[in-house]
Structures are given as structure tokens and as C-alpha cells.
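Asker: Please construct the entire structure, taking both the sequences and the accompanying hints into account.
Top line first, the protein sequences correspond to chains A and B. Convert by adding 183 to the 1-based position in the first sequence; the result is the number in the numbering used here. Convert by adding 183 to the 1-based position in the second sequence; the result is the number in the numbering used here.
Simulated from the structure, these hints should not be mistaken for lab results. Be a bit skeptical, because a hint or two may be false.
Put simply, identical chains are the same to the list, so a pair is met inside one copy or across any two.
Derived lysine-lysine pairs resembling BS3-like cross-links, with alpha carbons at most 25 angstroms apart [said to hold, decoys possible]:
| no. | residue 1 | residue 2 |
| --- | --- | --- |
| 1 | Lys295 | Lys333 |
| 2 | Lys199 | Lys256 |
| 3 | Lys333 | Lys199 |
| 4 | Lys333 | Lys256 |
2 protein chains.
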Amino acid sequence: MPTEYEQTERTRIYRKPGRGSYDRDLVHSILDEALTCHVGFVADGQPYVVPTIHARVGETLFLHGARGNRMLKALVDGTPCCVTVTLVDGLVLARAALHHSLNYRSVMVLGKATEVTDPREKQDALRAVVNHIAPGRADEIRGADETDLKSTRVLSIPIEEASAKVRTGPPVDEEADLDLPSWAGQLPLTSGTGEPIPAPDLTQDLPVPESVRSWARPRNGLRT
Amino acid sequence: MPTEYEQTERTRIYRKPGRGSYDRDLVHSILDEALTCHVGFVADGQPYVVPTIHARVGETLFLHGARGNRMLKALVDGTPCCVTVTLVDGLVLARAALHHSLNYRSVMVLGKATEVTDPREKQDALRAVVNHIAPGRADEIRGADETDLKSTRVLSIPIEEASAKVRTGPPVDEEADLDLPSWAGQLPLTSGTGEPIPAPDLTQDLPVPESVRSWARPRNGLRT
Chain A
184 MPTEYEQTER TRIYRKPGRG SYDRDLVHSI LDEALTCHVG FVADGQPYVV PTIHARVGET
244 LFLHGARGNR MLKALVDGTP CCVTVTLVDG LVLARAALHH SLNYRSVMVL GKATEVTDPR
304 EKQDALRAVV NHIAPGRADE IRGADETDLK STRVLSIPIE EASAKVRTGP PVDEEADLDL
364 PSWAGQLPLT SGTGEPIPAP DLTQDLPVPE SVRSWARPRN GLRT
Chain B
184 MPTEYEQTER TRIYRKPGRG SYDRDLVHSI LDEALTCHVG FVADGQPYVV PTIHARVGET
244 LFLHGARGNR MLKALVDGTP CCVTVTLVDG LVLARAALHH SLNYRSVMVL GKATEVTDPR
304 EKQDALRAVV NHIAPGRADE IRGADETDLK STRVLSIPIE EASAKVRTGP PVDEEADLDL
364 PSWAGQLPLT SGTGEPIPAP DLTQDLPVPE SVRSWARPRN GLRT
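Answerer: Here it is as C-alpha cells:
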């Protein structure tokens with residue numbers, strides 16, 4: 184398999200092409216680190232953008248939701264969709280308003296969804312979704328039973344037409360602005376967790392499991 | 184002005200309607216706290232979802248970018264768009280895979296964009312964008328000059344058809360699962376900042392300004 188996705192007219196990065204990438208590993212790492220994605224689809228001529236949880240397994244993205252979910256109903260008919268994830272790594276504070284920016288890593292996947300109907304595949308996809316939220320969690324809980332599988336729809340989208348866009352590093356000001364008395368630089372943004380809050384209806388004194396205690400997003404060291 | 188947006192067929196919350204809200208103050212607070220938004224639009228039958236920085240002033244959303252930006256070019260023709268912002272507040276860890284979720288606050292605004300051409304209005308919008316990223320920052324830097332204004336496009340979208348969706352609180356498991364030996368609860372997610380990194384081309388020894396030193400997202404106390 185080539186190390187890059189094929190660039191298409193639709194995934195070509197026109198603005199600041201230096202920020203664009205079609206590297207599979209980079210695309211995968213951004214998809215995996217992002218907790219949620221934003222799914223775009225069209226219904227009656229109106230585009231909608233809906234946040235949801237995704238999971239990536241190899242070159243496949245999985246989405247899921249209640250069987251009656253409107254977005255999934257629209258997607259299952261094979262309407263084109265766009266799945267975008269964005270990680271904001273920091274503020275870029277320039278001397279001029281124009282050059283303010285964010286450091287970020289984003290991925291856009293264009294494609295069409297197919298319903299996953301095979302019970303085994305569906306189980307695996309739902310496990311992947313739980314493990315996407317909290318790695319290892321799928322082994323600590325009750326998996327989907329027959330009733331759950333019936334009430335849940337799982338869609339798969341092949342990752343074939345995809346691109347990443349990444350900005351890193353300091354602000355880039357105009358030469359003429361360098362001596363202005365304005366501080367310029369980056370403010371890195373960080374994410375963390377608070378103390379786990381046990382459910383009020385816990386019936387046993389159970390320790391906080393590993394998946395929660397050591398929870399963190401997978402990182403590939405590309406942050407700056 | 185009524186305290187709620189009018190509910191339309193397109194903004195009605197079908198899934199878990201209890202999570203839906205049309206309250207203006209809630210919608211505003213989510214738009215203001217979110218650093219970025221995801222803009223959905225259609226070009227040649229393909230939906231695209233593009234992350235960008237927004238700013239809200241009253242009942243108007245402003246987007247901006249380079250004059251050649253493809254998304255802005257598409258939007259300026261009056262094509263329908265959807266602006267969605269999402270704040271993820273925590274993980275919801277249930278005993279059953281099916282009941283895993285996220286606590287979140289999201290807003291969807293449906294509408295059409297208009298180009299802002301009046302130089303004064305454009306200036307104000309760009310100041311709002313800088314202050315959206317870092318409150319107070321617009322007063323510390325060089326604002327847009329004539330050249331900047333020429334190379335930048337600013338669009339406005341009236342916030343008229345909008346809805347919020349919010350999940351808070353503990354997991355909700357099936358009665359039959361309550362005694363399972365799986366820990367359940369919430370893991371709050373937090374965000375913060377690292378140490379400011381001065382630009383390598385700073386020519387003076389300037390202190391880190393207030394907008395950076397005390398940087399935080401506006402919060403309305405709705406997190407749980």
C-alpha cells in the first residue's frame with residue numbers, strides 16, 4: 184500500500200499548500216487522537232454538520248448511533264459525506280491582526296458510507312468505538328447484546344480520499360512589523376482530566392479502572 | 184427579542200429531544216467558548232466540512248479568511264451553510280458499551296453568508312475575531328491596514344435558525360446492568376495552557392501581555 188493517499192481535485196490543498204499532507208500515518212494519527220469528528224452531509228439541499236464519535240480500524244472509519252438517527256439514515260442511502268476532525272494545539276499570536284492564527288492538525292475524509300450488517304463485524308466496530316473513547320475500556324464492560332445490536336446502526340466509510348492540514352511553529356509577521364512593541368509568540372493549549380466521578384447508582388465499591396485512571400489521547404509526538 | 188430561537192423543521196432535535204435547546208443565551212455561550220467552528224457547505228454535490236475561527240457579535244457570526252479561500256468563495260455566492268461548534272466536557276463511562284457517551288455542548292447554525300464590504304464593519308469584525316481567540320488581544324497589536332483589508336474576506340451569517348444540544352451528568356445504564364462489576368461514572372475533561380513561547384524574531388524584551396498571561400475561554404458555568 185502506498186504511504187500516501189492519492190491527491191484528488193477535491194482534496195488538493197489550495198491555501199498554504201505547504202500545510203497539506205496526504206501521508207497515511209499522519210492522517211491516521213490525527214483521526215485517532217481526535218475524540219470526536221464532524222460529519223457533513225446534505226439533506227433537501229441543506230448541508231448539516233453533526234458532531235459524533237468515530238473510530239478508525241485500518242483504512243476504515245466507523246460511525247454509529249441509534250437506528251432512528253437522522254444523520255445515519257441520510258448517510259446509509261449512499262449520499263456523499265465529509266468527515267472532518269480538528270485538533271487545536273495552540274494560539275499563534277502575531278504583531279499584526281492579520282497574522283494571528285492557530286496551530287492545528289486537521290483531517291478531511293470524503294466518501295460514502297455503507298451499513299455494517301454482519302453481527303461479528305458490527306461487534307468489532309462497536310468495540311473499536313468504545314476503545315477509541317477510552318483505550319482498553321471495551322474489555323471492562325458488557326459488550327453489545329442482540330437487543331443493543333438491533334437498536335444500533337453502524338456505518339463504515341473507506342478512507343480513500345483524504346488529506347491532512349497542519350500548522351506548527353511561531354507567528355510569521357511582516358518584516359515591517361518586527362520592531363512593533365507587541366509581544367508575539369505561541370500559547371500552547373493542553374488538555375487533561377479532572378477527578379473521575381463515580382456514578383451515583385454504583386452498587387459496589389469498585390476501584391477506578393485502568394482505562395479511566397490512565398486515560399489519555401494517543402499522541403504521535405507531532406505537537407509543537 | 185424573544186429569549187429563544189424559533190424552532191424549525193430543520194433545527195428540531197429528534198434524538199433525545201431533552202438535550203435540545205433553542206435558548207439564545209445558551210447558544211451564545213457555546214459559540215463564544217468554542218475556539219473554532221466547523222463550516223459545512225456543498226460544492227459540485229460534495230459536502231465539505233472545514234474548521235475555521237469564528238466570532239459572534241450579537242446575533243451575527245463572522246467568518247474570515249484570505250480572499251482566495253475556496254470555502255469563502257463558495258459561501259459568498261449565498262450557498263446554504265451550516266456552522267457547528269462542539270465542546271466536549273467529559274467521558275460518560277457506563278457498564279454497557281451501548282450507554283457510553285460524551286458530555287458535550289454543541290450548537291448548529293443554519294444560514295447563508297453575506298460578504299462584509301464596509302471597511303469600518305470589516306475592521307470591527309476582524310477585531311472581534313482576534314478578541315474571540317484571545318480576549319483583549321485586539322488592543323495590543325497592529326490592526327488590519329488597507330492592504331490587509333483588501334486581501335481578507337469577511338462574511339457574516341445571521342444567527343436566526345439555531346439550536347443547541349447538551350448532555351450532562353452520569354451514565355444511564357439499564358436496570359439489569361446495575362450490579363455488573365464494572366465501574367461506571369464520568370471523567371471530566373479539562374483544558375489549559377502551557378508556557379507562552381516567545382517568537383524567535385522578537386526584537387525587544389517585551390513582557391507577556393495580559394491577553395496571553397491570563398488566557399482562558401469564557402465560561403458560563405454550565406459545565407458539569
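Asker: The structure should be examined with respect to each hint, and the outcome stated for every one.
Answerer: Structure-based check of each hint:
1. Lys295 to Lys333: within (22 angstroms within a copy, 39 angstroms between copies)
2. Lys199 to Lys256: between (36 angstroms within a copy, 16 angstroms between copies)
3. Lys333 to Lys199: Classified as between; 18 angstroms across copies, 46 angstroms inside a copy.
4. Lys333 to Lys256: Within one copy only: 15 angstroms inside, 44 angstroms across.
In terms of the numbered hints stated before, the structure departs from none.
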